[in-house]
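**Student:** Fit chain B to the known structure of chain A by using the hints.
Chains A and B are the protein sequences, given in the same order.
Residue 84 in this note's numbering sits at position 84 of the first sequence, and the numbers go up by one each step.
In short: position in the second sequence from 1, add 219, done, that's this note's numbering.
Errors might be hidden in some of the hints.
[Said to hold, decoys possible] DMTMM-like mimics (lysine to aspartate or glutamate), calculated; alpha carbons at most 25 Å apart, straight line:
{"no.": "1", "chain 1": "A", "residue 1": "46", "chain 2": "B", "residue 2": "237"}
{"no.": "2", "chain 1": "A", "residue 1": "89", "chain 2": "B", "residue 2": "350"}
{"no.": "3", "chain 1": "A", "residue 1": "46", "chain 2": "B", "residue 2": "423"}
{"no.": "4", "chain 1": "A", "residue 1": "89", "chain 2": "B", "residue 2": "237"}
[Unchecked claim] Not the full set, but computed from the structure, chain B residues with beta-carbon under 8 Å of chain A:
{"no.": "5", "residue": "225"}
{"no.": "6", "residue": "227"}
{"no.": "7", "residue": "371"}
{"no.": "8", "residue": "421"}
{"no.": "9", "residue": "424"}
{"no.": "10", "residue": "427"}
{"no.": "11", "residue": "428"}
{"no.": "12", "residue": "429"}
{"no.": "13", "residue": "430"}
{"no.": "14", "residue": "431"}
{"no.": "15", "residue": "434"}
{"no.": "16", "residue": "436"}
Derived from the structure by calculation, the hints contain no laboratory data.
For every residue, glycine included, the Cβ atom is placed at its ideal position computed from N, Cα and C.
So the chains spell out like this:
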Amino acid sequence: MIELRHVFKRYRGGADVLADINFTIEEGEMVFLTGPSGAGKSTLLKLIALIERPTRGRITVNGHDLTKLSRWRIPGFRREIGVVFQDNKLLNDRTLFDNVALPLIVRGIGGHELRHRVQAALDKVGLLARAHSYPLTLSGGEQQRVGIARAITNRPPLLIADEPTGNLDTALSDEVIDLFREFHEHGTTVVIATHEKRHIQRLGKRVIALSRAHSLATA
Amino acid sequence: MRGYFSRHAQVLLATIGDIVRDPVGSALTIAVIGITLALPAGLFAALGNLDRLSEGWHRSAAFSVYLHRQTAAPRQVAAAIGRLPGVQAATYVSPAAGLAAFQRLSGFGAALTTLKRNPLPPVVLVTPRRETPAALKGLVQTLKATPGVALVQSDLRWLERLHAGLILGHRLAILLTVLLGLAVLLILGNIIRVAVMNRATEIEVIQLVGGTDRFIRRPFLYAGALQGALGALLAFLIVNLAIWAIDGPARQLAELYGSGYRLEGLGLHGFWWLLAGGAALGWSGSRLAVARELRRRRLT
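The following block holds chain A by itself, in its conformation from the complex (with noise of 0.2 Å):
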């Protein structure tokens, strides 16, 4: 599914972010990113979705090489893959119901079929009763599982997401994980960036750790 080969990021005037990544993700497998911060977790997940493009190297994500893909196919790639922020993203003058159709909306998805995969969606995060709130009337734990519902709304074969669970507290940040893990459980690749070392020991899943040396240490 994800397949990394000699990749290396700088930024300009800077050093090197990632040096010499090589890794494989298969189709439905769970993996967890870690590392410290600094060591290029975010920036890794960024070359993932294409947000970023490497310095040097190949990256292979659903079968298509990154490097070679031309602007104009970006946004049919991006929404092959569902993307969870660390800092939500949701649009505050929108409606939950907005926010998590807007993937739906700009494929040009409408009418009953918008309706039934958004609630579907909000119905599987737990918010649907909330359907119609704000954003911002919703707590730091709500809004990331709407951030998560967004991301899903597409049904993408891939799933990443930016610490998830970076400012919940211990139950909510359980839930989730779990909630994610039911995502790989029916299919999809889940690929998650998180420094706890709890969900790891947890779930059991491999994990892919980055150190700030940018060297590669694989689990």
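**Tutor:** Frame of chain A, contents of chain B only:
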């Protein structure tokens, strides 16, 4: 296909909603565009009126074509002249009719009866079609070369002056239109640029969930086109109100010159041109602005 149209209708409705939600801001934008467009539109309306005025003068620009007195069949010559291209009407005035009219109008009635023979030649009064002065000159040459014609009396110099003046006016109007059209493009472009910046978060999220540039652009293009069209509508009202306001004095002036001339505002034709122009300028302005902002904000 139905989905496509309904999506566009949705965006259009949302755009109208945005304009209604910010009435003061929208009104200011539309006013600026309306006044800017009113200047060239007003100039074109003025030129249209001058054009119509010159048409009235054209009708009085008749030629007198004097035939040789010995011409055997002057009526046939008159008929031949009437068939020439560029001739709207040719009226034959026989020497007898000419003398009668002269007696009636000149006041020499009694004196003229003492003449032994009618000194007047047969005359054909030619009303030309509306043509450029150059074409009218050509017509005069043709008339001069027509067998049986002795003399053609015409005065084209003032017509030439009027024509040159109108051409100058048109050129100025086009120049002004281009400049002020550019101004509208920039005004709307800048307004849309600010709108894009205000919605930076929304644009980023849309890009992240796989929205195409076209999808992002659409509401801004609608907003630009709609504001341009509304500005054009305002310009139309401004011009026609102004013409309505000066129509009274203008009519008085015309009456003093013995003319029933009336000013005309921008008609339906002008309305559609203005509307299409305003919408096109708004659309292009926002297209340029959004393209620039999207280039700046592209994620990868």
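**Student:** Taking the hints in turn, state whether each one holds.
**Tutor:** Results for each hint:
no.	hint	in the structure
1	A:46 / B:237	violated (33 Å)
2	A:89 / B:350	violated (68 Å)
3	A:46 / B:423	holds (14 Å)
4	A:89 / B:237	holds (23 Å)
5	225	holds (7 Å)
6	227	violated (11 Å)
7	371	violated (70 Å)
8	421	holds (6 Å)
9	424	holds (5 Å)
10	427	holds (6 Å)
11	428	holds (4 Å)
12	429	holds (4 Å)
13	430	holds (4 Å)
14	431	holds (5 Å)
15	434	holds (6 Å)
16	436	violated (13 Å)
In summary, the numbered hints that this structure violates are 1, 2, 6, 7, 16.
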